[in-house]
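*Asks:* Below, each chain spelled out in residue letters.
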Amino acid sequence: MILLSLLLVPLIGGLLCWGLQRTDVGYARHIALGTMAVVLALSVGLWLTGDYSQTLLPSAQASGHWVQQFSVPWIPRLGIRFSLGLDGLSLLLVALTGLLGMLAVACSWREIESNAGFFYMNVLWNLAGVIGVFLATDLFVFFLFWEVMLVPMFFLIALWGHDIPGGRPRLYAAIKFFIFTQSAGLVMLVAILALVFVHYHTSGVLTFGYGELLATPLESGTAWWIMLGFCLAFAVKLPVVPFHSWLPDAHSQAPTAGSVILAGLLLKTAAYGFLRYVLPLFPVAAAQLAPIAMGLGVLGIVYGAICAFGQNDTKRLVAYTSISHMGFILLGVFAGNELALQGVIMQILAHGISAAGLFILCGELQERLETRDLRKMGGLWGRFATLPQFGLFFILASLGLPGLGNFLGEFLILLGTFKAHPLMAMAGTVGLVLSAVYSLVLMQRTFYGKASSTQAIADLDRREFAILGTLAAVMIWLGLYPRPFFVVSRAPMQALERLYAPEANRPEASSTVRVDP
Amino acid sequence: MTQLPLLALSPLLIISATCIIVMLSIAIRRRHARVASLSMAGLALALLATAAVWHTTAMSQTVSTLLIIDRFGAFYMALILIAALATTGLSYTYLHRYQGRREELYLLLLLATLGGMVMVASRHFASFFVGFELLSMPMYGMAAYLTKEHRSLEAGLKYLVLSAVASAFIVFGMALVYAQSGTLVFGEIGARLAALSGTDHIVILGGALLVTGLGFKLSLAPFHLWTPDVYQGAPAPVVAFLATASKVAVFALLLRYVVETQATHSPALIDALSMLAILSIIAGNVLALQQSNLKRLLAYSAIAHFGYMLVALISAGPLATEAVGVYLLTYSVTTLAAFGVITLVSSPLDHEAQAIADYRGLFWQRPGLAATLTLALLSLAGVPLTAGFLGKFYVLGAGVDSRQWLLIGAVIIGSAVGLYFYLRAMIQLYLSPTPATAVLGQTPAASVAVPAVAGGGMLIALLLLMLALGLYPSPFVRLAQGTAIGPQPTTAGP
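So the protein sequences, as listed, match chains B and S.
Using this note's numbering, read the first sequence as starting at 1 and increasing by one per residue.
Using this note's numbering, read the second sequence as starting at 1 and increasing by one per residue.
Okay, chain S solo, but in the shape it has when bound:
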């Protein structure tokens, strides 16, 4: 019995160890390349460990009352790790010419990754909250990492304030749910609450507070106000992490919570989530129409995408978990690729290439980058044969299967509106470049070799992954299919 939990916990343990090693390494001597490669090695090792966990965990394995390691957890851990790996590679290229302290970013990144992994494996309010905070705290530092930049500091501060508010909501929500149910374990909450007679307003209030707190993190409308500013201000690779790993962790947790507590049986919660979904889809797509800044545009697009994902979650049919898995996977890969391109075109020294107009004519100078961004934008728009279509297909499938016609209507309208701004941004890449943007297209002559390879390599990997998801999704579908979580039997303690 002692051996198995070790294997099950190995991804978490590896990342923890990497954190310590990286910290020591920084303390001994600052070396950008060494720290980056150590982090990458740790992340890659952890990724391998999740694969091992996937293959050995035939059934879910509960580790203490706090954590549960199952295929669901392994899948989302792997997703978070992939996002962290990509972010590390991109950060290396991004920070290469940065004059300040570069190494701590990797440490923060590893800590946040650990937090996310704890979240997707938690089955208890305590581990949920620990993971949540461990994910959030380093993010403040990461968002404000370029300390000499006004906008970066502003982004960090905004994120701090709103995250803190969200945490407060969540803790209060937990307290209320605990007050009525008397337990902190997800699987038991559902059963105990079901035993209560009638509708309990305190439980509903608690649920609402929890959803609000998570909604902040997922930037669902109407809790999305921080998103565009933080996306715009924070360094591009950090946003890549924030937009993917952090949201994946929160959404996976929400999914597990909803499934295990059988919250989908509660009409109040479903109504609330439906409302959030429709609002997010509309707000995200409509507000994106006016954006001329690519990072802000992607922020609004993310709002809409989490609206689509909620549709899958609400549908709750047999397809729902699978649909969420596929959607989060395709969304993460696509978003990472998009921010990867932004990172590689930008540099923290001069301004980041944020305005859509900056990208004018990129295709004629750096066709690889432009093709990747095109594919990413088409994928976000959900055009067939791209990764994003698979996700949208699943969402519509889950919706049709459970007859959520209203939500499906919202998805269709949202997608139609969304096409406009994705296409408008995409076509810029192909227009003839203006003299001002021609500069951007050139790779910086010095320092091309190693740093560009790190980010570029990551981007190529993401591009290949994105193509594979679009053209031959079968293996990925099978993975997502494996993540199914039934309502856990409450007796499954250690």
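Next up, chain B with everything else stripped away, as it sits in the complex:
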């Protein structure tokens, strides 16, 4: 039931916000904030009370089961159940959703003037969709949430986005985002259906249940094609480099809250999809795909970094850095050993935090300077009291400063990858250098250099300070004491390694380095 409430709370909160729009927008804001606080509290409660040494995938000790689950029949004729399940992996992502959701609401407190109630409804429904993706354990339900979260995001970009002068209209960005992700989603739907029918023809049971489908025996050719269907949807959403072109457009035109959710959560649904579906359902085929996927990962790391370097628009720049960071995730996922997978988890969390911080900073700069053009910035350090320090912090986090979360994530991914594919790891390391370059360039062009004026600009107010302070605190926590996170995600990641690693080309040195606490 608690899983269902994780979904219902934002849905109902969203309706309330919409309803309150006509009476008082202030209430709507507080309700939106309160709603996400409840989600965060629920997930923290689950974290503290649950035992996360289990996941559905069988582990060395026992046949697995979900830590929490909820299941009711929905369309019995087609074997569809509305079933949700939770393990350590989903818990961490739901908690991240709660946290970033609160901050997304808070950061648009003053940015959104028109129709704020409807705006918050879209934010909350989008977040409900994201939570649904993380919890669904029926492939039909998963697909449903996967697609449903797009509609509110479409509205967020199309209605409250920015039209950049000289650029494409925001509607263009919104539609591009929607078409890219939805049509790739349809391919995944076909793949899901194919998997379900294969399962039906071999076992005689028509079901979309994740647990049942895990056991589907697949011929290698069939598995390959079905897996490609899944991979396409996730690759577009992650995004993997040839499919990435929607991301910079969507980011540069989305409102701040939209960017925070997009970078912090929506991209992570794809990473989750790789971990939850591609590797467990098709371990053999995934191992065959690994060299290509890791190659694309490296390509993304380098390409994203180089493109970021060339941008003049702050949000586009950060968007390209996301592409680069997501490359590491792809690399880690297909390296497939526990070290790399734990790194992927850390990278998901850390990038969620750091990207959210950077996008919020971009939004605040834009509110104050009314431009995002780097050519019109420079020398801002002296004109603010505290904003540039936060800027420096998140930029350093993003470039992978040791002691902060991103460093840990990327380092573990590279270590894990080195064991599986040393060459790929070496190529990926180039990304670390490049990220230092674009990060420092971003810092230089905004905050240092010659100031166009010496007039002071309004500094962060208490609300903004609290938002950025929270993000910074979580980031430091991730970097310095990551154990609680690793403990929670260990069982699912170990199970994944067991399933995938025999296929992956893994030297036996694997047990020398462990992320064991």
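Hints were generated in silico from the structure; no laboratory data involved.
Values in this document were obtained by computation on a predicted structure and should not be read as measured data.
Glycine is no exception: its CB is placed at the ideal position from the N, C-alpha and C atoms.
Be a bit skeptical, because a hint or two may be false.
[Said to hold, decoys possible] To be clear about the criterion: a stretch of chain S counts as covered by chain B if any three or more of its residues have a C-beta under 8 Å from a C-beta of chain B, and this derived list gives those stretches:
| no. | region |
| --- | --- |
| 1 | 204-213 |
| 2 | 378-388 |
| 3 | 417-423 |
Since the structure of chain B is already known, use the hints to place chain S on it.
*Replies:* Showing chain S alone in chain B's frame:
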């Protein structure tokens, strides 16, 4: 034995009786409200009767050689009746302020409904053709109903000419098939033709002519040219009927014909239908991209949707009939809702709200209507949790099950293209209104009460149905599952 056929035929009989009563009532005294409520009562009664038929017909029941009343027929009759009911309610609101003769529209509507019901129950070329004509003839009058409007007349005339051509094709096709098979009963045609040795070019030609004629009615590409013009010109509630009930009847008949004659075994027919499906999906979606008129946009969207439905039909697996049933249901409800919104925003007095730009900012003035239209557009686009997704899901399921990868590819590409124009139209509802469109958003101050309730009530019912189909489709799926028709044993005469 005399009792049962009466029950089985009761939906048809009730509508026939209603036609006569409505006609007499008009002859005695013209009363808009009375005629509308009589028609509605008749339709509702017939709907109840179909429910009774559904529950009592455990097995299909053949009534003479012409008609067969089974669950398949009952399901599609109910669908046609629902469409007719919704159209009646919407027409009442639409015509309320119309100055000309208002009552005959309901009579025409009832006649067309009867025609459609005959079609979905026919198992014989004769009843097929009678139903077909009975469905078509009143539609000419309905499309041209606003006789003072140039565009409405044009729509009626266009529809007349093309329908007549389609009828000619169909009759000729029937003649050719009959010439070779020597029978007019669907169930026997398949068996007799199978007995013929080798490929018979005359039969293929006959089949092609039949498909062409039906293709006109279903506005499949390349026989779709009339569709946008008629959609644009005809009154909005009439288009709602034309787009749903009339096409449902034709498609259901096509399905029954294909299944009973086992035409899916004929590779030539399958190839032809596949071609039509792909062409329709591409033409419908691509041509819709350029539209700035909502009614024309929906016309092209309908072309594409019948392409998707053909994919289910072609797949012919165990899922096919069920998929078609679900798709026609979700499509009809959605389309009716979309035209319902157009009807309620429009009025025949001034211009109909047709341009997409007219709808700009509707959400901020009439959120209910705008939310309904949003849901309808998302549903047509096939976004999950809406009714339309269920249909698309079934089509893809049927396609995957029978490995029609080419057709599935067409569906996916078509859907991706389609998203663009649905979203573009949808977002208009949410932009801030311009002064010109602000007028539209206001409900006409006078005459709000009763007439708006008729149309509005229908729209709310459709909205609820649409939500139910999206969120809890299980009961509807079960209904569609019940419509399965196996190839009928040829001995099942009375």
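*Asks:* Decide, hint by hint, whether the structure agrees.
*Replies:* Going down the list of hints, with the structure as the test:
1. For the region 204-213 of chain S, the assignment as covered by chain B is violated, since 0 residues bring a beta-carbon within under 8 Å of that chain's beta-carbons and 3 are needed.
2. Figure legend: the region 378-388 of chain S, annotated as covered by chain B; annotation consistent (4 residues with Cβ-Cβ distances under 8 Å, at least 3 required).
3. Under a criterion of three residues with beta carbons nearer than 8 Å to beta carbons of chain B, the stated coverage of the region 417-423 of chain S is upheld, 3 such residues being counted.
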